[in-house]
Amino acid sequence: MTQPAPASPPEYPGISGLIHKSLPKAAFTVLSTKTDADLQVAAADLLELVQGLFERKELAFDMLANITGIDMGEDKLAVKYNFYSFKHNHRVQVTVTVPWANRHVPSLTSIYGAADWHEREAAEMLGLVFDGHPNPKALLLDEDVRIHPLLKSHPLQTVEILQGIEEGVPGFKF
Amino acid sequence: MSVWPEERVTTIDSFNTVDMTINVGPQHPATHGVFRMVLTVDGEVVVDCEPYIGYLHRGLEKLTENHDYRQSMGWWDRTDYLAGLCCEGAYCMAVEKMAGLEVPERAEYIRVMMMELSRINSHFMFLGAFGADVGSFGTSFIYAWRERERIYDFFEEVSGDRMFPTYFRPGGLMADLPENYESRVRWLLGSINQGLEDLDGLLTGNEIFVERCKGLSPMSTSRAVNLGITGPILRATGLPWDLRKAEPYSVYDRMKFDIPIGESGDIFDRYFVRLSEIYQSTKIIEQCLEQMPKGLVLNPDLPKTLRIDNAECYIRTEGTKGEYGVYAMARGGVKPYRMKLRSPSFCNLAALKEMVVGNYLADAIIILGSLDIVLGEVDK
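These protein sequences, in sequence, are chains F and Z.
Quick note, the first sequence lines up with residues 1 to 174 if you use my numbering.
Quick note, the second sequence lines up with residues 1 to 380 if you use my numbering.
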C-alpha cells in the first residue's frame, strides 16, 4: 500500500518536460499514472501553476475536464485535476494533497467556468473547502444533511441513520 | 366603507413590475427526469435560473468503492441509462487499463458495434423527446420509439436485458453474439435509416420547428470549452472534436466516419448534429460487420478474482452526451480505492444558467431539452 517513489527531479516524463521548460519557476514533482503525467503541487502553488498552464501559448490547457476528491487515508485528502488542451491535444493531471486539519484548496472558478459544479461536488462529498468559490452550496445532497459520504470513515450502510445528524464528524458508529 | 379603497386604484405612475419565481420540476415531463430548476422571470423573460440536482443520487462512487470489479458493472450502466453500453465500455476500459488486461479483437469490434447502437438509441430518444418539447406532440416520439424498440429487442437477444444489458466484462464480453446477428443488424440498419428519414422529414422539414430553434441561445466555442461543455453541443459550435478521433480507443482508429459540426452552436445546430451522428454511427456499424474477425470474446487469462495493485488512470470516452470520463485509482485488493465519474450531462447542465438567462420562458424548456441530459448520469 505504498505510493511509487517520486521520479528524481531532472526527469520530467511526457508533457511535464514541456511544462517545466515553459514554467521554470513552478514548483512541482512528477509522478506518472497509467495515462497521464501527474504533477504534485502544494495547495499554495496551485493557482499560479494552473494560471500558467492556462495562459502559456505552448501549453494552452483550455479545458478542465474533471476534478476528483479522494480520501487518501492517514488524515489526508487529495484533489486530482485533469486538464486537456484542444489546441495541442495533450493532457496532464495535477494533484494537490492537503491534511484533514487544514483542508483548504484554492478554487479554480476564476479561470475555468467548469470548476464550479465539480468543486461543489468534491466539497460536499469529502468536506473539502474551496477558497474563493462563489457559490459553495451542497449540490447532490440535501443542504441539511451534513455528512461527507465519500470519506472512508463514512459507513456504507448506515446512511439513513445519519441523515438527521446536524453536526459532528461523519461516520460515527451508532 | 367603500368597496374599492381609493388608494388601491392603480395608475400608470404606480405600475411597477416585480420579478416572479417559477418552480419547474422535479416531477415535470419537460425536465426529462427528476430535475428541478427555479426560474425568476420578469414578464416573459428569464432573468435568473437556479438548477437543483441530486434527486436521483444513488451514491454510485461509494457503491463502486465497496464492491469488487465484477459486481460494480451493474451500477455503471445505470448512469447514462439511455446508452448503458457506452458507460459499461468506459468502466471496463478503466479497469482494463489499471490491470493491464488485453481484450480480444473480436470483443473490441462487438463492443464498438454495441456502443454505436447505444448511441443511436440515445440520440433517437433525444429526437423524439426534443420534438415533443418543441411542439410536435407525439409523432416524433412514436417515430423514435419504433426504432428504439427494435434496437432494444436486439440487445435483449444478445444479452438478456434491454436497458441495462451488463454485457461487457473487464477483459471482454459476457457472451458471443447470436448466430444470426449479421442479418439482424443489417435489417436494423435499414430500419434506422428509415426512422432517420421520417424524423428528418417531420422535424427538419417543418418550418415552425426550424424557426423556433434557429438562432436561439447561440454559444461560442471558446465559452463552451471554458464551461467544460463536450459532445454534440460543443460540436454544434463548430469545433470538430470527437474523442473517437482525437484519442481513439478500442478499434475506432480503424473506422472511417465524419464528425458532423454546426455553425453557431444554437439549438438547431445541436439538433442537427445529433441527427447526423446517427447516420455516422450506422456507417461505423457497417464497417464493424465487414471487419468482424473470428475468435474469443473474453480474455482467457482473466483471473477469477481480479486484484489490482497501485494503479491510477483517467479514461475518456465519447459518450452519447460528451466526454464520459472515469478517474480510477486502485491500491491493492479486489475493490477499487476510488472511482469518479466525469459525466458529460453534469458538466453540460452546469452551463444551463448561462444559456437560459435572457431568453423567453417558453424557450427555456427547449434549451433544457437541447442539452439532452440524463439524470442518472447527472446525479450518479
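A couple of the hints might just be wrong.
Below, in silico cross-link-like pairs of lysine to any residue (SDA-like), each with a Cα-Cα straight-line distance of 20 angstroms or less [unchecked claim]: (1) 87/F x 251/Z; (2) 283/Z x 333/Z; (3) 353/Z x 25/Z; (4) 57/F x 307/Z; (5) 34/F x 353/Z.
Residues of chain Z clear of chain F, computed beta-carbon distances all greater than 12 angstroms [what the hints assert, rightly or not]: (6) 45; (7) 190; (8) 206; (9) 379.
Rather than coming from a laboratory, the hints here were simulated on the basis of the structure.
Glycine included, each C-beta is placed from N, C-alpha and C at the ideal position.
Subject >> Violated hints, by number in ascending order, as checked against the structure >> reply: 1, 2, 4, 5 and 9
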